[in-house]
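For chain X, the structure is supplied; the task is to place chain R on it using the hints.
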Amino acid sequence: KAGVTQTPRYLIKTRGQQVTLSCSPISGHRSVSWYQQTPGQGLQFLFEYFSETQRNKGNFPGRFSGRQFSNSRSEMNVSTLELGDSALYLCASSRTGQRGSETQYFGPGTRLLVL
Amino acid sequence: QQPVQSPQAVILREGEDAVINCSSSKALYSVHWYRQKHGEAPVFLMILLKGGEQKGHEKISASFNEKKQQSSLYLTASQLSYSGTYFCGTDHRGGAGGTSYGKLTFGQGTILTVHP
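Protein sequences appear in the order of chains X and R.
Under the working numbering, the residue at position 11 of the first sequence is numbered 54, and the numbers go up by one with no gaps.
Under the working numbering, the residue at position 106 of the second sequence is numbered 118, and the numbers go up by one with no gaps.
Chain X extracted, bound-state conformation:
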C-alpha cells in the first residue's frame, strides 16, 4: 500500500506570494490533517478535512486555508506569505479521523522557505 504523498517536496517563495501544497492520503483514508512544524513551535495542527468538509481548525490566521476533493486528496493554501511561514508542512491521513484510537500516518512533508 502506498503511503501518504506530498508535493512539492521543496518550495522557495518570496514574501507576499501565495503557495499551494498538495497531499494524497493512503488509499481508503478519508481524513486528512495538516500540521506545521518549526523549530520554535514544534508540530502544530492547522486543520482537518473529511468528505470535502473542514471539521476542525487550529489557531492559525485566515491566510491558511485548505480544501479536500472527492478522491480525498487535499490541498492547503497560504496567501500573502510571511517570513514566519517558513516551515515543514506535514499532512497525515487516517481512515475517519473520528476516533482517538486511529493512527495518523504522515507524509514526507513540504519544506517551504519564504525569503
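Where hints are given, some of them may not hold.
Examples of chain R residues toward chain X, derived with CB under 7 Å [said to hold, decoys possible]: (1) A53; (2) P54; (3) F56; (4) L61; (5) Y113; (6) G114; (7) K115; (8) F118; (9) Q120.
Cut-off 30 Å, straight-line C-alpha distance, at most; resulting in silico cross-link-like pairs (DSS-like, lysine-lysine) [stated by the list, open to error]: (10) K49(R) - K100(X); (11) K49(R) - K44(X); (12) K100(X) - K79(R); (13) K49(R) - K62(R); (14) K80(R) - K100(X); (15) K62(R) - K79(R); (16) K38(R) - K49(R); (17) K100(X) - K38(R); (18) K49(R) - K56(X); (19) K49(R) - K71(R); (20) K71(R) - K44(X); (21) K62(R) - K80(R); (22) K100(X) - K62(R); (23) K100(X) - K44(X).
Far from chain R by the CB rule (all over 10 Å, computed), these chain X residues [unchecked claim]: (24) K44; (25) Q61; (26) R116.
If you're looking for bench data, these hints aren't it; they were derived computationally from the structure.
A quick note: this is a predicted structure, and the numbers were derived from the prediction, not measured.
Ideal Cβ positions, reconstructed from N, Cα and C, are used throughout, including at glycine.
Chain R only, in chain X's frame:
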C-alpha cells in the same frame, strides 16, 4: 496546551535503556508516539488508549497513567537505529464532550542519540 516531554535530550550507548515521559495538564483520551529522523516524516510507533493496557513490541513499549495524565515510552537495549526525535501526540476528546477530529497536540520532542 501542548503536553510536556522530558527529558529534552538523551544520549545513550548501544544497549542502554531510556525512558521518555509525556505529561498533559488536560484529561487524555489517547497518546500517540512517533519517531522522526532528520529530514523525514514522523513514523508511528504506538497508541495508548484510555483504559487500555501497556503496549509494546520487542524492545519499545509504553504505558499510560490516566490518573496522572502521563505516558512513558520505554526503549530497552537501544540500537543505533533508535536515534531520532520522539514526539508524543495527545488527543483530548471526552470530558466536556465533543470530538477533536483529526487533531493531535504534540509535545516539543525528545532528541535521542545512540552512539556505538
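Tested hints:
1. A53: With a closest approach of 4 Å, the A53(R) hint holds.
2. P54: At about 5 Å, which falls below the 7 Å cut-off, the nearest Cβ of chain X leaves the hint on P54(R) intact, so it holds.
3. F56: 5 Å, holds
4. L61: Cβ of L61(R) sits 5 Å from chain X, so the hint holds.
5. Y113: Status holds, d = 4 Å.
6. G114: 3 Å, holds
7. K115: 5 Å, holds
8. F118: At 4 Å from the nearest chain X Cβ, F118(R) passes the 7 Å test, so the hint holds.
9. Q120: Hint holds; Q120(R) Cβ to chain X Cβ min 5 Å, cut 7 Å.
10. K49(R) - K100(X): Roughly 27 Å separates the two Cα atoms, so the pair holds.
11. K49(R) - K44(X): OK: K49(R) and K44(X) at ~22 Å, within 30 Å.
12. K100(X) - K79(R): 29 Å, holds
13. K49(R) - K62(R): Within the cut-off at roughly 28 Å; holds.
14. K80(R) - K100(X): 28 Å, holds
15. K62(R) - K79(R): 10 Å, holds
16. K38(R) - K49(R): 28 Å, holds
17. K100(X) - K38(R): Holds - the C-alpha atoms of K38(R) and K100(X) are around 19 Å apart, at most 30 Å.
18. K49(R) - K56(X): Distance of about 26 Å is within 30 Å: holds.
19. K49(R) - K71(R): 19 Å, holds
20. K71(R) - K44(X): 26 Å, holds
21. K62(R) - K80(R): 12 Å, holds
22. K100(X) - K62(R): Holds. K100(X) to K62(R) sits at ~24 Å (cutoff 30 Å).
23. K100(X) - K44(X): 29 Å, holds
24. K44: 14 Å, holds
25. Q61: 24 Å, holds
26. R116: Correct as stated: the minimum Cβ-Cβ distance to chain R is 16 Å, above 10 Å.
Checked against the numbered hints above, the structure breaks none of them.
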